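Start from the sequences, fold in the hints, and give me the full structure.
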Amino acid sequence: MDFTFDGQQIAFRDAVRKFLMVEAAPEMLRETWETESGRSHELRGKLADQGITAMSVPEAFDGIGLGDLDWVLVQQELGYYAIPDSLSDTAYLAVHLFNHMPADVALKREWLPKIAAGSVRIALGHPINPFVSDAQLADLLLLWHDNEIHALKPAQAELIRHPSIDQSRRLYEVKWTPSRQTYICPARNGRDLGNAIVDRATLAIAAQLLGLAQRMLDLGIDHAAQRKQFGKPIGSFQAVKHQLADVAVKIEFAKPVVFRAAHALEQNKPGASVMASHAKLAAGEAARVAARNSLQAHGAMGYTWEADLQMFMKRAWAIDAAWGDQTFHKRRVADAIFADGAALGPGVTFT
Amino acid sequence: MRLEYTEPQRRFRAEIRAWLEQQVPQQALPSFDTEEGFAAHRAWEGQLASGCWSAVTWPKDVGGRGADLIEWLIFEEEYWRSGAPLRVNQNGIFLLAPTLMEFGTDEQKKRFLPRMATGKDIWAQGWSEPGAGSDMAAIRCKAVRDGDHYVINGQKTWSTRAVWADWLFGLFRSDPNSVRHHGLSFVLLPLNLPGITIRPIRQLNGLPGFAEIFFDNVRVPVENRLGEEGAGWHIAMATAGFERGLMLRSPARFQQTAKLLVNLYKQNQTSADADPSIRDAVIKSWMSAEAYALATYRTACRLAKGGQIGAESSTNKIFWSELDLLMHETAMRILGARGELMAQAEDASSYGWLDGFLFAQAGPIYAGTNEIQRNIIAERMLGLPRS
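Residue numbers (the working numbering), protein chains in the order written: chain D, 1 to 351; chain L, 1 to 387.
Among these hints, one or two may not hold up.
Calculated from the model, a selection of chain L residues having no Cβ within reach of chain D, i.e. all distances over 10 Å [claimed, not checked]:
| hint | residue |
| --- | --- |
| 1 | Lys120 |
| 2 | Glu229 |
| 3 | Ala378 |
Mimicking DSS-like on lysine-lysine, the simulated pairs with C-alpha atoms at most 25 Å apart in a straight line are [claimed, not checked]:
| hint | chain 1 | residue 1 | chain 2 | residue 2 |
| --- | --- | --- | --- | --- |
| 4 | L | Lys110 | L | Lys60 |
| 5 | L | Lys60 | L | Lys109 |
| 6 | D | Lys46 | D | Lys108 |
| 7 | D | Lys314 | D | Lys269 |
| 8 | D | Lys269 | L | Lys284 |
| 9 | L | Lys109 | L | Lys120 |
| 10 | D | Lys330 | L | Lys284 |
| 11 | D | Lys330 | L | Lys266 |
These are calculated hints, taken from the structure and not from any lab test.
Nothing here was measured: the structure is a model prediction, and the numbers come from that model.
No residue lacks a Cβ here, since even glycine has one placed at the ideal position from N, Cα and C.
Structure representation (structure tokens):
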């Protein structure tokens with residue numbers, strides 16, 4: 001039993017954190033929000049230099065060959081810095097698809113090295129989501145149709161942008177016609193792969209929500225320590241302290257749920273899907289409470305465009321419902337615990 | 001990260017499971033807050049000790065098994081799974097013993113630990129006073145040095161298990177001129193000394209689960225002091241974060257309750273589903289109990305690798321006490337109009353939930369109120385300014 005990350009995993013996470021601390025300041029986020037594409041090629045290039053786009057790509061295709069546990073730490077940082085990029089869709093989810101699609105070596109050879117190098121974006125259209133993130137900017141769209149997976153260029157589809165309150169999210173409705181030319185994966189594999197992608201996206205968002213929760217807590221603490229009323233920092237008042245303490249409690253008890261889900265997915269453990277759903281529900285609650293309580297600690301400033309908090313709150317509110325909303329994930333947990341013969345109670349947490 | 005048990009850990013689980021299957025009383029014991037129940041629970045402590053199961057984390061030479069924290073968690077899982085009796089000597093084994101091991105002399109360890117392990121001495125705690133609850137540094141009960149004795153005068157209150165316990169540990173003001181957390185000493189004393197009056201306090205459930213203790217010139221030998229004179233505050237606090245944070249309430253307790261709650265819900269699903277928020281609360285209960293278990297395993301693994309636990313232990317206290325309330329409130333909602341029935345009622349099948357519901361009300365108060373825990377988190381974990 002060892003519920004800790006190893007030194008290499010921590011070192012990689014620390015390197016990413018140090019890099020983002022410098023490169024992804026809130027001012028950069030604001031600037032990127034305002035651009036037409038909502039994306040920064042410069043930032044994507046630097047993320048690639050850090051090895052993030054190559055993480056999941058096997059070494060045979062110029063990648064690093066890391067797993068879900070390595071990713072979960074990096075995803076937390078992507079959340080903490082609210083990186084305006086659907087990096088995870090390309091470098092984590094699409095790579096998982098390519099890695100596990102039945103024997104299509106040509107596709108792997110074409111796309112994996114480019115993903116590793118950070119030179120392409122891939123957008124995913126799974127029926128669990130009403131929209132496709134970053135479809136306009138993508139070099140390739142991977143879309144599910146009756147469990148089959150199809151690949152096409154954005155130019156082959158009609159894209160209708162649906163603006164999100166989180167301006168770093170670029171959501172599109174994709175109108176397209178499946179054909180023999182677009183078909184790349186049969187339904188029997190496509191369904192299982194789709195489920196695997198939903199699980200990993202769920203985990204990725206859970207980890208990002210943890211990072212976002214921590215960032216919103218940190219912003220709340222900073223504000224409460226500096227802002228003075230009645231001659232004292234408002235953070236010295238118990239009513240403010242206790243709300244922020246509640247956020248810390250939520251984060252503290254969501255973390256191990258997220259980490260365990262990452263371990264279960266990496267090891268293909270039975271029940272991993274339920275663990276991922278649990279992780280997203282726990283991290284989502286932490287992020288929602290962090291948003292509400294940090295906004296409250298900010299006072300009127302929390303309701304402004306000017307305070308940085310807004311960017312992190314909006315990201316959290318938006319992704320909390322992506323890749324399965326609370327209802328979807330709660331139903332998966334409920335199906336598991338209310339099933340006849342479900343293993344419940346002490347001593348069955350690890351099997 | 002490796003989330004599997006080792007072979008020795010699996011064997012440990014099999015061993016305690018087999019022992020409990022043989023030994024756990026078929027009939028539930030009466031509450032340990034009755035005279036009869038206290039005696040029965042004391043006997044059970046002796047039975048546990050005969051199998052060397054009463055204090056698994058202690059070193060072998062004082063009656064333990066030298067178990068690490070993972071083994072302790074396994075022990076607790078099997079213990080709660082088996083429906084074994086509550087631990088009447090919890091104050092001694094889980095709160096005092098770690099403190100004794102860190103600060104006690106060899107003589108004190110030999111004198112107190114083996115008798116604690118076998119249930120010969122049941123311990124009560126003496127922290128709170130009428131004027132010192134959450135503000136524990138306001139302690140006034142005096143222990144004034146007179147030669148090789150301390151003379152104790154004053155009052156303690158909310159002293160858990162004190163009605164029938166044998167010994168008491170607590171903080172006393174040994175320097176009469178001191179204020180706040182200075183000048184306090186940590187003293188151990190038998191509750192049958194001349195000058196001690198114990199007045200039981202009836203709890204919410206009607207039973208005397210704690211007591212007031214009055215001291216009138218009670219003479220306690222100096223060798224009963226734990227650690228240096230005047231160092232009592234430091235000693236009381238030193239182990240609070242680590243052991244108390246982790247060991248006061250093991251996750252198995254709440255996982256067992258969550259399982260029973262799922263079963264209760266399924267048995268009453270037709271009526272319960274008339275209010276969908278009940279189902280939601282059951283799901284949340286299970287998830288939170290699981291989260292508490294995962295968090296505790298994670299902490300245990302971090303500690304095993306030389307990590308520290310500080311103010312995070314205050315997050316535990318808040319989390320489990322609020323979870324316990326949620327689970328019992330949800331059960332009461334499912335039980336509806338039968339929830340109020342006492343054990344003596346003809347159909348008393350739901351009484352366990354009512355009893356647990358009453359006890360859950362105490363969770364956010366004892367061992368440092370949740371308000372105090374939130375202050376600790378805000379100031380020591382988050383770095384917010386002191387009030």
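Going through the hints against the structure:
1. Look at Lys120/L: its CB is around 29 Å from the nearest CB on chain D, clear of 10 Å, so calling it non-interface holds up.
2. No Cβ of chain D approaches the Cβ of Glu229/L within 10 Å, the least distance being about 34 Å, so the stated non-interface status holds.
3. Look at Ala378/L: its CB is around 4 Å from the nearest CB on chain D, not clear of 10 Å, so calling it non-interface is violated.
4. For the proposed pair Lys110/L and Lys60/L, the alpha carbon gap of about 12 Å is at most 25 Å, so the pair holds.
5. For the suggested pair Lys60/L and Lys109/L, the alpha carbons sit about 13 Å apart, so the restraint of at most 25 Å is met.
6. A threshold of 25 Å between alpha carbons decides the hint, and for Lys46/D with Lys108/D the separation of about 24 Å falls inside it, so the pair holds.
7. Taking the CA atoms of Lys314/D and Lys269/D, the gap is near 33 Å; set against the 25 Å cutoff, the hint is violated.
8. The hinted pair formed by Lys269/D and Lys284/L meets the criterion: a straight-line CA distance of about 23 Å does not exceed 25 Å.
9. Proximity of Lys109/L to Lys120/L is assessed by CA-CA distance (about 15 Å); at most 25 Å being required, the pair is judged to hold.
10. Taking the CA atoms of Lys330/D and Lys284/L, the gap is about 9 Å. The hint holds against a cut of 25 Å.
11. This hinted pair checks out: Lys330/D and Lys266/L have alpha carbons roughly 17 Å apart, not beyond 25 Å.
Violated hints, in rising order: 3 and 7; the structure is consistent with all others.
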